[in-house]
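At the far end of the sequence shown sits residue 852, using this note's numbering, and the numbering has no gaps.
Honestly, the hints are just simulated from the structure, not real lab data. Mixed in with the good hints there might be a few duds.
[Said to hold, decoys possible] Listed below are the simulated DSSO-like cross-link pairs for lysine-lysine, each with C-alpha atoms no more than 30 Å apart in a straight line:
1) K844 - K818
2) K734 - K797
3) K833 - K810
4) K833 - K734
5) K833 - K844
6) K844 - K797
7) K818 - K833
8) K797 - K833
9) K797 - K810
10) K844 - K810
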Amino acid sequence: MLEEIKRLRGTPEQPRRLDKMDRAYRAYLRERFAGGRGFAFILQQGRRALASGTASPLGPWPPTASLHHAYEVLYVYGVYTVKSHRGQGLAGRIMKAIGAEARKRGLPLLALYASDAGKSVYERGGFASKPNWMIKES
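Let the sequences and hints guide you as you build the complete structure.
What follows is the structure in C-alpha cells.
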C-alpha cells in the first residue's frame, strides 16, 4: 500500500498536499484511537500490507435531545486493498473482522461512506444504502 502512496507523491504539487493530509489524518486517528476506542486490521503477506480497514465509535446516533432510541455507531473508514490483490476477498475479510470486533464491543450499528469501487464489497457484507441522507458544503 505504501508503494502506491509513494507513487502519488511523484508529481511536483503532491508532496506538500499529501504531507498536510498526512498530518491531519494522524491527528484525527490519535483522537479516534484515544483510550483504545478505535481499532484497525491489516492483512499482510510477509511484511507487505495488502489490505486494511479502520473503525472508531462516533457516539450515539441519531443525536437527539432524548437518546432513548439512539445507538452507538461504529464508523468504518480507510478500507483499502492494494491494486495487485483486489478481487480476492481481502476487503471482505477486513470488514468481517471489523464486524466481529463491533459485536464484541457491543456496538450494534456500523456506518461508512462507500466509494464506487468499494460499494459492492459492502453490499455483499450486508450494508444497505440509505438514499435519503443528504450532504451540503457550507
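Consistency of the hints with the structure:
1. K844 - K818: Given pair K844, K818 holds - Cα atoms ~25 Å apart, limit 30 Å.
2. K734 - K797: 24 Å, holds
3. K833 - K810: Holds - the C-alpha atoms of K810 and K833 are around 15 Å apart, at most 30 Å.
4. K833 - K734: 28 Å, holds
5. K833 - K844: 13 Å, holds
6. K844 - K797: Holds, at about 28 Å.
7. K818 - K833: It holds: about 25 Å lies between the C-alpha atoms, which stays within 30 Å.
8. K797 - K833: 16 Å, holds
9. K797 - K810: Distance of about 20 Å is within 30 Å: holds.
10. K844 - K810: Answer holds: K844 to K810 is near 21 Å, not above 30 Å.
Violated hints: none; the structure is consistent with every hint.
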